[in-house]
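Participant: What follows is each chain in one-letter form.
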Amino acid sequence: MKHLAVLAAMLAPVSALADADPADWDAVIAEAEGQTVYWNAWGGSTTTNDFIAWVGDRVAADYGVTLEHVKLTDTADAVTRVLSEKQAGEDEDGAIDMIWINGANFAAMKEADLLFGPYAEQLPNWAFVDAEGKTVQTDFTVPVEGYESPWAMAQVVFIHDTSDLAAPLGSMNAILDWSAANPGRFTYPQPPDFLGTTFLKQALVDLLDDPSVLAAPATDDNYDAVTAPLWAFLDDLTPTLWREGRAYPATGPAQLQLIADGEVDLAISFSPGEATAAIANNQLPPSVRTFVLDKGTIGNASFVAIPYNSGSTAGAMVVANFLMSPEAQARAQDPEILGYGTVLNMDALPAEDRAAFDALELGVATLSPAELGSVQAEPHPSWMTRIADDWMQRYGVAQ
Amino acid sequence: MLGPVVAGLLGTVLPAFGHLPAAGLTGPSLDPFRDLLTWGGLPRAMILSVTTGLLATSISLLIVVLLTAGWSGTRAFHAVERLLSPLLSVPHAAAAFGLAFLIAPSGWLSRLVSPGVTGWDRPPDVLIIQDSWGLTMTAGLIIKEVPFLLLITLAALGQADGRRSVTIAQALGYGRVTGWLKTVLPRVYAQIRPPVYVVLAYSMSVVDVAVILGPNTPPPLSVQIVKLMSDPDLAMRLEAAAAALLQLALVIGALVFWRMGEVAIAALGKRWVARGARGRFDPLVARLALGAGAGSAIAVLLGLVVLIIWSFAGFWGFPDALPDGLTLRNWMRFGPGTMDALLETALIAVTAALVALILTIGCLEAEYRYGLSFSQRAVWLLYLPLLIPQTAFLPGLQTLMLNLGADEGRLPVMLAHLVFVLPYVFLSLADPFRAWDSRTGTIAAALGASPNGVLWRVRLPMLLRPILTALAVGLAVSVGQYLPTLLIGGGRVVTLTTEAVALASGGDRRAIAVYGLMQTGAALVPFMLALLIPALVWRNRKGLRHG
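Here the protein sequences line up with chains A and B, keeping their order.
Under the numbering used here, the first residue of the first sequence is numbered 3, with each subsequent residue one higher.
Under the numbering used here, the first residue of the second sequence is numbered 11, with each subsequent residue one higher.
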């Protein structure tokens, strides 16, 4: 009897997970009906918020899943939350059912066993995903192993107002030269905002002759030497920035307002279609275009992950699966709506679904896949963490 | 109401000394303070906290005092008063957004005169919003504190019998301002001291205005606390708690400093009174004060106007004075989202304000029936939750709830709001409630009404207008709450204010404008109803319309 009780106690949490076994998709759909999924996703971009609201309408209609978008200013907030819940013993029904995540946050959660899964590769729509051609199985060099499912591809582009800055700039040093010649016309989001740290990473990758060292974790031995060119670059760049680097826009979209206001002429973006969507929303002047650097730019996938203590894993998987559906992917890629790159493999799609993608116009300010050129790998997350910390010590408190 | 404050402070003190079982850490240790000291931005963050708080409080107090001294009882004063009172309910965040859209280098004022007057085709590269000294943030606080202090001063003035004193002083040859300062101010200031301290504590620890208008390299201490609180590394909570204690110490220090300033000014003032100067510059001073008072009102109003324009704007580039076109698209896009947030906001505000109202009426009625008197000390007790900086005890409260495993959600948020709503509702209703002519009650009792009958059928109906006003004040306070909603709600409770401040980082002015206006409406509409309903209910009872 005693042994039985122990066994039952051990099995209890396992059986809770077994309820939402992604391999038995019909059971997942049945369980998902009526569930509420709290999707914690960065809420700073109104176009993304609109898209998430549309996803909510669709999964409510098709699956009876209620999707609540918890708008974060920083994805790290959600990680904190799950961690706190684990420490407080809330293992059954945490506040978060799904997180828009990647990079360091994913690495931290995976390492601390805070994620549900693996589930991603069992989702029905995984069959359409371009697992070979797109970096959806590693996230900032960390193996995904099914603990998060991709929903968008992103690549760094630079948005420029052609009425003030006509020609693309081919390298970080070209940006520095231009900024020195046109002081106050460039800025980037303030790290640790993810797009701000992306700018730093992009600068480092472009400045290094051989960025392959960044694929391995940063060590105390190599960190200073590898990042030295970056700090030299920033020391030169900062005095030429908007407001001489004494203030920075808080996020990526805040830069768009600055361009519209005529305050700056150049901005970094992680979404090749963002500029076109912003022109459609009156957020940017029609004279805006985008470019990439000669050596290529950093690219990665955006994922969603499910915390281990979500009480609605079935509902969350239904949403994750819907995000990878041709319908949602085509909408996300529509430059008038979101302009995100798709994670799907066009060759794997049925003809009518592919037609939906083929029908999409690229948009005036969006580069074609050929123009986007080669995608550079994300550095290991340890680089970004250290660089962001150092940036804050060097420039975040500078007066 | 002290319970949550004390619990929150306790929840701050323990982690500040390294004790946080949820993170597997047990104290005591001084490491959190040591970590805090390694942050390079600390000195500047502390200085910012102190300077913005002291500047905002002293300047708004100065404007209000001189305005009242120079103009009370005149038609110009009534005009400014009428302009300022509705502004009291404009949430801080909305006022800050309006100001930002107005005075940024690419803001509306600059657009109106460009390129015509200035010759600017591009906005000048000057640091106005987020300036390193926090001056814009200070201005944002001033335009919101002036209406608050003015209304408080007006209430105190009613009991100070200032008119006769000034008349006598003027008969003795004193100027209007000088006469008022020398005879009335000492009496009035004794009464408005608690709210002045509230303004000081609030201005030193404000988060939403600082996020919108304040500097970021480094931010003021309060913003840094919120940042530390949301770090994925739970151990950062310790540093946050240490910073929160530091914030508390700074506020206490500033309050002591202010108190010493009061003593010094009183001593100097006595000599000034004795010297008998009649006030040569009075007319100039009075005119400056009127300008400043009107200016701060106009800044808020113009800010709201520019919010309205942005909410309907098509593309609007610099230096165009108006957008290329007007469109309903922004409202179509963001309107549905605001409705959900509005519902949540209203639910929380109505509950908190109603509970606060019931508690207040209960207290005041008990005081009346049992002849209790409310001491000056009890007034301070009421103000205490407003004097302790929110950033000092709310993080502690959140950590404590976390340790207890309590669910963060709507109900705890309502309770947290109640802590801040109750004092305002009480202060707003107490005077009219006590001023009620109790002879009416005696007559009703003589006609056979029970004490409850007197309360329900005579007193409360007669006090309809102040009750509705107190309710509206409570609603406005609740609508404007940012930090309690964010921290206690764990991000799950989404109100117009949390949405609007979250949008601030995205910089989409159209979305900010829509949310800011909805937020303003949520706070303003109850005030209009509080004016309208008594006028309708008592349309054929002339004597009660102003009751």
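Read the hints as simulated data drawn from the structure, not as lab findings.
Note that the Cβ used here is the ideal one computed from N, Cα and C, for glycine as well.
One thing to keep in mind: the hints can contain errors.
[Claimed, not checked] When the alpha-carbon atoms are kept at most 20 Å apart in a straight line, the in silico SDA-like pairs for lysine to any residue are as follows:
{"id": "1", "chain 1": "B", "residue 1": "Lys237", "chain 2": "A", "residue 2": "Trp393"}
{"id": "2", "chain 1": "A", "residue 1": "Lys88", "chain 2": "A", "residue 2": "Asp115"}
{"id": "3", "chain 1": "A", "residue 1": "Lys88", "chain 2": "B", "residue 2": "Pro31"}
{"id": "4", "chain 1": "A", "residue 1": "Lys112", "chain 2": "B", "residue 2": "Arg449"}
{"id": "5", "chain 1": "B", "residue 1": "Lys237", "chain 2": "A", "residue 2": "Asp391"}
[To be verified] Residues on chain B that point at chain A, a partial pick, calculated with CB under 8 Å:
{"id": "6", "residue": "Gly51"}
{"id": "7", "residue": "Gly129"}
{"id": "8", "residue": "Arg132"}
{"id": "9", "residue": "Leu137"}
{"id": "10", "residue": "Pro204"}
{"id": "11", "residue": "Pro225"}
{"id": "12", "residue": "Pro228"}
{"id": "13", "residue": "Leu244"}
{"id": "14", "residue": "Ala245"}
{"id": "15", "residue": "Phe328"}
{"id": "16", "residue": "Asp330"}
{"id": "17", "residue": "Arg387"}
{"id": "18", "residue": "Gly500"}
{"id": "19", "residue": "Ser515"}
{"id": "20", "residue": "Arg519"}
Participant: Find the hints from earlier in the document that the structure breaks and name them by number, from lowest to highest.
Facilitator: 4, 7, 10, 14, 16 and 17
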